[in-house]
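Protein chains: 2
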Amino acid sequence: MGMTRKTFGTVTDKNLALFTDLYELTMMQGYIETGHNPTATFSLFYRDLPPNRGYVVTAGLEQVVQCLETVSFGDEALAFLTEFDFSEEFLSYLEQFEFSGDVRALPEGTVSFPNEPLLEVTAPILEAQLFETVLINQIGFQSLIATKAARMRDTVNEHGDDQSLVDFGSRRAHGTDAGMKAARAAYIGGFTGTSNVAAGHEFDIPVFGTMAHSWVQSFPTEREAFEAFVDVYGEESVLLVDTYDTINGAQTAMDVAEARGTDISGVRLDSGDLVELSREVAEIVGEAGIFISSGIDEYEIQDFLTNGGIATGFGPGTALVTSDDAPSLDAVYKLVAVERDGELQPSMKLSTGKVTYPGQKSVRRVEDDGQFERDVLALHDEDAPGDEQLVDVIIDGSLVYAPPSLDESRDRTCRQFQKLPQETRRLQNPVEYPVHVSDGLQSQTASVRDELSARYLDAR
Amino acid sequence: MGMTRKTFGTVTDKNLALFTDLYELTMMQGYIETGHNPTATFSLFYRDLPPNRGYVVTAGLEQVVQCLETVSFGDEALAFLTEFDFSEEFLSYLEQFEFSGDVRALPEGTVSFPNEPLLEVTAPILEAQLFETVLINQIGFQSLIATKAARMRDTVNEHGDDQSLVDFGSRRAHGTDAGMKAARAAYIGGFTGTSNVAAGHEFDIPVFGTMAHSWVQSFPTEREAFEAFVDVYGEESVLLVDTYDTINGAQTAMDVAEARGTDISGVRLDSGDLVELSREVAEIVGEAGIFISSGIDEYEIQDFLTNGGIATGFGPGTALVTSDDAPSLDAVYKLVAVERDGELQPSMKLSTGKVTYPGQKSVRRVEDDGQFERDVLALHDEDAPGDEQLVDVIIDGSLVYAPPSLDESRDRTCRQFQKLPQETRRLQNPVEYPVHVSDGLQSQTASVRDELSARYLDAR
Chain A
185 MGMTRKTFGT VTDKNLALFT DLYELTMMQG YIETGHNPTA TFSLFYRDLP PNRGYVVTAG
245 LEQVVQCLET VSFGDEALAF LTEFDFSEEF LSYLEQFEFS GDVRALPEGT VSFPNEPLLE
305 VTAPILEAQL FETVLINQIG FQSLIATKAA RMRDTVNEHG DDQSLVDFGS RRAHGTDAGM
365 KAARAAYIGG FTGTSNVAAG HEFDIPVFGT MAHSWVQSFP TEREAFEAFV DVYGEESVLL
425 VDTYDTINGA QTAMDVAEAR GTDISGVRLD SGDLVELSRE VAEIVGEAGI FISSGIDEYE
485 IQDFLTNGGI ATGFGPGTAL VTSDDAPSLD AVYKLVAVER DGELQPSMKL STGKVTYPGQ
545 KSVRRVEDDG QFERDVLALH DEDAPGDEQL VDVIIDGSLV YAPPSLDESR DRTCRQFQKL
605 PQETRRLQNP VEYPVHVSDG LQSQTASVRD ELSARYLDAR
Chain B
185 MGMTRKTFGT VTDKNLALFT DLYELTMMQG YIETGHNPTA TFSLFYRDLP PNRGYVVTAG
245 LEQVVQCLET VSFGDEALAF LTEFDFSEEF LSYLEQFEFS GDVRALPEGT VSFPNEPLLE
305 VTAPILEAQL FETVLINQIG FQSLIATKAA RMRDTVNEHG DDQSLVDFGS RRAHGTDAGM
365 KAARAAYIGG FTGTSNVAAG HEFDIPVFGT MAHSWVQSFP TEREAFEAFV DVYGEESVLL
425 VDTYDTINGA QTAMDVAEAR GTDISGVRLD SGDLVELSRE VAEIVGEAGI FISSGIDEYE
485 IQDFLTNGGI ATGFGPGTAL VTSDDAPSLD AVYKLVAVER DGELQPSMKL STGKVTYPGQ
545 KSVRRVEDDG QFERDVLALH DEDAPGDEQL VDVIIDGSLV YAPPSLDESR DRTCRQFQKL
605 PQETRRLQNP VEYPVHVSDG LQSQTASVRD ELSARYLDAR
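These protein sequences, in sequence, are chains A and B.
First residue of the first sequence? That's 185 in the numbering used here, and the numbers climb one at a time after it.
First residue of the second sequence? That's 185 in the numbering used here, and the numbers climb one at a time after it.
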């Protein structure tokens, strides 16, 4: 029985343009048919921090840039769209689609706060509308994971000894793309590397690995399994010692190393009372490393370190790649300004609990004595204190920004954390970092709201 | 400034083979170097149900089959691996890698329970080892989402009127692949369709869409926005009415329809007190549909329906595609049998809290009066009651299974739910469905455990 070869992933060049909600295309055709294509500004931001988060570390901008600069509707995509009753005129428009607008954004590795634009797109509304779905997807997920990773890195740095942190989560990530991007975002958040070989290949991230229980079980005895591994890998060996009994396993590991006349790099513990076991194992393995896996997260790393556990590295998996205590960021992409009579006018909606600050923004950060003191969310052209955090990325469709290397973005996260108040970095119940809304933005918000309220609410 | 064109996705044919943890490759090279390549059976299962789940609906088998049947190490992958100090012999092995083993699995759309194999792979350990990471990834995520979707479908069918359920979650999914696969898995779980155009293209799922707030805001008034949309889409129009004021918006929608002399398909509510608003809106819109979005999940759908909310359809997003109340399934891929002296021998580990039943299994389902009464987890060749649920998928590397269409898998889920006890389907605190461990499996487990305990635990 045969099977057609298909792509995996599963979104590739051939249909990234289609990674959009149908309503984006429906609206785009509507804009064409009604001859209504004003310039518009969309702001990508989140209204609320996820639970127990005092900040969000941004990530995903490089993928957004790739998307905006390269998206195109190929023959296969266009053929599929003919099934939807779209007009010839609209399909011709899509065939020559190119992004011609402007993008400003926070660089990857920037700490951000609610209502601050992570990204602003200004373009003919027909173009800007298409990217809503894919831009939220790209920025939202990577920022979620970079944040989770940064919490772990911050915990290790505060309570530990700068231990290594390696992403072990690919198997539990939400699909293959998530496995890859989680590895990337975790690195930006401060991780040392990943176990995922494809992510190492794609993003040039250091790749690490040890052995699984299956190696040990596949040999008649644990001793023979360790001997075979040490014979191949010598002093690079990291032996998994908990298949049958952790203490017994650690002793066997060292016996084998001694018998073979080699050091080993370390042992891995993957189950049981990790604090107690790590202390017992440390007595046995001496200078060799102790690597801790077993479903750990930042809370457990903190407990482990503050309770005297001994480790040279940690391999968080599921908790990291799913951000399990907060598996989504409520990022949105909202129209905040639209051209009327030849000028961009601020716009907002009044939907209950979902109010948006209107207009193009500026995100200013005020430092005091080398520490972040507060942010100011202001109008784009307003005179306000602090340093502008948004940078120009694309102007008139042309890239004007050199995306930094992953190492540069990772360094940026690290530097930002040195300035972020400790109480905002707490793992639980962090203190809200002050974000002031400027006078200009407050008064613009009030005036747009009043006008809309008068028209729609008082009319009832 | 230029930018290299890259793939999105980001895992494509060129590096799916690399979507693996480094330790799989390290072990594989170790097996080669030590001349140790016994036949082994790996079982993919989960030990515990996610919180508030009484079952897991399986999904993802088709992607697993594609993976096993087509994976290969191309020049680019092999070139990357030379960076890791792998031997010439191992790289030559990878260059000609093909899967030659056997696979048995639960068909997509089957309800499953803890410790039951969703999939069993029997192959030379060198081959079976490679796929650990990608198989857990493919089956785990889609099963998680199919389960979440089935909970929503079951809730709607029990408390409602078989309303439509459309996946609106692509923007909040964990990357692009997750957006695609969530749409697929949700359809298997009983959804009506998706908003994701690429998923419609890739998997032939019905695609739906309405309009966004940006359409409404881009026109000077809501009325003009509705007029423009109705002029283009006529009776197919679904108008979003909560941009400024839901009741006012619903009235405006109907005024516009009347003025234009057309019916409209419906209105969408996306904020506010949905029960109360839907009842008021129903009075206004008459025969037109009411579509509910706004961050809903199965619990809110249940509350909405039992409290008298009126709707013709729901568009869950974030909660669906992230399975937000349970964002991971603890699926594992464990060695359960290994060849010794020419025969497959049962194997297990003793790691604290992570015990695995040894040996190849059979999953039997016993029905009584058309209802599922209990499952029996038995040895593969054991005489046990009930119908075998695992089917042969691949034998000696050849596909012997015609993957069903998505509609067939969706029908299977639906038929299984008609037989699944109501108390096991509860949204909260479901009653545990009985899975009996057969006499043969119990005695085999005890005997392997005793032997290992004597060797490793008593030796301390």
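Please note that a few of the clues may not be correct.
One copy or any two copies: either way a pair holds, since identical chains are not told apart in the list.
As the list claims (entries may be wrong) - Once the Cα atoms are required to be at most 25 Å apart in a straight line, the calculated DMTMM-like pairs of lysine to aspartate or glutamate come out as: (1) K603 with E260; (2) K538 with E484; (3) K538 with E408; (4) K538 with D552; (5) K538 with E523; (6) K538 with D509; (7) K603 with D553; (8) K538 with E471; (9) K538 with E635; (10) K538 with E279; (11) K538 with D345; (12) K603 with D580; (13) K603 with E460; (14) K603 with E253; (15) K538 with E273; (16) K538 with E464.
Keep in mind that the hints were calculated from the coordinates and are not lab data.
Hints, verified against the model:
no., hint, in the structure
1, K603 with E260, "neither (49 Å within a copy, 42 Å between copies)"
2, K538 with E484, "between (35 Å within a copy, 18 Å between copies)"
3, K538 with E408, "between (62 Å within a copy, 23 Å between copies)"
4, K538 with D552, "neither (33 Å within a copy, 51 Å between copies)"
5, K538 with E523, "within (23 Å within a copy, 61 Å between copies)"
6, K538 with D509, "both (23 Å within a copy, 22 Å between copies)"
7, K603 with D553, "within (9 Å within a copy, 67 Å between copies)"
8, K538 with E471, "neither (56 Å within a copy, 29 Å between copies)"
9, K538 with E635, "within (18 Å within a copy, 62 Å between copies)"
10, K538 with E279, "neither (35 Å within a copy, 54 Å between copies)"
11, K538 with D345, "neither (43 Å within a copy, 30 Å between copies)"
12, K603 with D580, "neither (34 Å within a copy, 59 Å between copies)"
13, K603 with E460, "neither (35 Å within a copy, 47 Å between copies)"
14, K603 with E253, "neither (34 Å within a copy, 51 Å between copies)"
15, K538 with E273, "neither (35 Å within a copy, 60 Å between copies)"
16, K538 with E464, "between (54 Å within a copy, 21 Å between copies)"
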